[in-house]
Amino acid sequence: MYLRKLSLLNFKNCAEAEITLSPTVNAFTGDNGAGKTNLLDAIHYLALCKSYFNPVDTQQIMQGTEFFMVQGIFERAEKEEQISCSLKKNQKKQFKRNKKEYERLADHIGLFPLVMISPYDTSIIMEGSEERRRFIDTIISQTDNRYLDGLILYNKVLANRNSLLKQISETGRYDPSLLEIYDDQLVETGQRIFGKRKKFMETFGPVFRKHYEYITGKAEDAGLTYDSALLHEDFAGLLKRSAERDRALERTTAGIHRDDLTFLIHGMPMKKFGSQGQQKSFLIALKLAQYSYLLDQKGFKPLLLLDDIFDKLDDKRTRKLMQMVSADDFGQIFITDTSRQRIERIFDEINVPVTVFDIAAGSCISHDEPR
Amino acid sequence: MNFSSRLLESAVDEFARLPGVGRKTALRLVLHLLNRPEAEVERFSLSMTSLRSGIRFCKVCHNISDQLVCGICTATRRDRSLVCIVEDIRDVMAIENTNQYQGVYHVLGGVISPMDGIGPSDLNIATLVERVQAGEIKEVILALSATMEGDTTIFYIYKKLKDLPVRISAIARGIAFGGELEYVDEITLGRSIATRVPYESTLMK
Ligand SMILES: [Zn+2]
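Going down the list, the protein sequences come from chains A and B.
When we follow the UniProt record's numbering, the leftmost residue of the first sequence carries the number 1, and every step to the right adds one.
When we follow the UniProt record's numbering, the leftmost residue of the second sequence carries the number 1, and every step to the right adds one.
Chain A with its partners taken away, still in its complex shape (with noise of 0.2 Å):
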């Protein structure tokens, strides 16, 4: 599965562009602030129907214009799939594969796999649970596309209870019928999406400490687990236990919701103890692990995103990085740097063909022809 080609409209600071790629390696080059990111994010919107930066999607509109659009061509399975995804303002986004709107995009989600590796990544490490859980949920619902609707239903049901809870607060009205109801709904989809973490875990887990091992030479220990509630007590027995502390705070405090991973270095906390080499390290491998758990998962190979990592990683990272994907283990991948000199060095090095564009503000690209 590759990207063939790639059309923009209005698309953040691009007013429009065309290019045609390569199946192997592809490099943005230019200043910073030319754009070389949004190409990543435009082949992020096509792969998963959002923006990997930005979750407000009218924000990704050209200023001063009324709406953006992306497209793609892919080759998949042997077959031309176009796929495109348009948004004017205050309208629905819209979502077409082969020219046919999809009633629900979670149908879309995991049909071109992918793997962005950027600088914003350390707010997997340095951010709230909510940073960790999605990220798991970006992989698993890529490989399973009842989990996103199971995710959207949890959510909904969670939202309803707790404004049931204020209510009963506010009103001191409590029915305790319609309570149960909620607790039966999201016990029903929490512990189904509980099993599917646990499940995607158990395999992950070697595989990130496979890639881990591999970039530091297995020099350092480091852990990741899965940190659930429900690993110990079962989700009914729990929320029956927290009713009243719920009550009280006019919230639900216990349920997947919560779930969080743990990164630890040498038995510590990783963002309070790992030096921001380890923490590099353990980010790549986290990516890294992703690919190969999609790639396992799918039987090809998800298109691979680098933005600015050869900026932000030191030498010896970035050796092995590209030793790997030189080792022919990836298919296509995208890379944007301010250098089109050190790309071409570091490609050569590993005697890897690329292909380069260069981009500039507003006019956006022009091509120097595939090798």
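Note that these hints are calculated values from the structure, not bench results.
Relax, there's no trap hidden among the hints.
Subject to a maximum C-alpha distance of 35 Å in a straight line, what follows is the list of computed DSBU-like cross-link-like pairs (lysine-lysine):
#1 A/196 x A/298
#2 B/59 x A/156
#3 A/166 x B/59
#4 A/240 x B/159
#5 B/24 x A/93
#6 A/271 x A/312
#7 A/271 x A/210
#8 A/156 x A/301
#9 A/166 x B/160
#10 A/93 x A/312
#11 A/196 x A/320
#12 B/159 x A/156
#13 A/196 x A/96
#14 B/24 x A/96
#15 A/196 x A/79
#16 A/156 x A/166
#17 B/159 x A/166
#18 A/210 x A/320
#19 A/5 x A/88
#20 A/240 x B/160
#21 B/160 x A/156
#22 A/271 x A/320
#23 A/196 x B/159
#24 A/96 x A/79
#25 B/24 x A/99
#26 A/156 x A/271
#27 A/99 x A/88
#28 A/89 x B/24
#29 B/162 x A/240
#30 A/166 x B/162
#31 A/198 x B/159
#32 B/24 x A/92
#33 A/320 x A/50
#34 A/156 x B/162
#35 A/100 x B/24
#36 A/50 x A/88
#37 B/24 x A/88
#38 A/301 x A/99
Please build the complex by placing chain B with the ligand on the supplied structure of chain A, with the hints as guidance.
Leaving out everything else, chain B with the ligand in the frame of chain A:
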């Protein structure tokens, strides 16, 4: 918009309050009315006034009606032991269009959704329980949309009725793809009422 007449402006303002009507459309509608004979416009405004002041909600089923009790509830040929529970009057109209249902209705006036501030006490659920307790009803059919809120409401009503001597059934759902009853075509809807199944065996664990 600058108006040459205050009367014109006020009429446009009123039309623009309607859902989906912008000021441009409002102006077009008002100018259209101005071109019609006076008697016709009077008929129009009289119909709106009497709609608001004259309409009643049937005190048995809560359907919109001209009388205290609606035509469906008073019709002699209808089976008053069979009650179909729906969300709003549009569902009554959709089911009536199938010409396949001979029972009566109970209009809830919405579905349970605490997120939108709608709890069971905001809906006509207490009167439903009273109707069933009165004893004439042998079967209730739950015909609510296949959404999370529809499910919650069905569970809730089931809990309130399950200990009373009444059969509880549900229409085959999933026919309404993520949507509301009124969008289902008449044949499918008629069939799904005819082939309704006991509620417990389908949806409860
Ligand atoms: Zn009536």
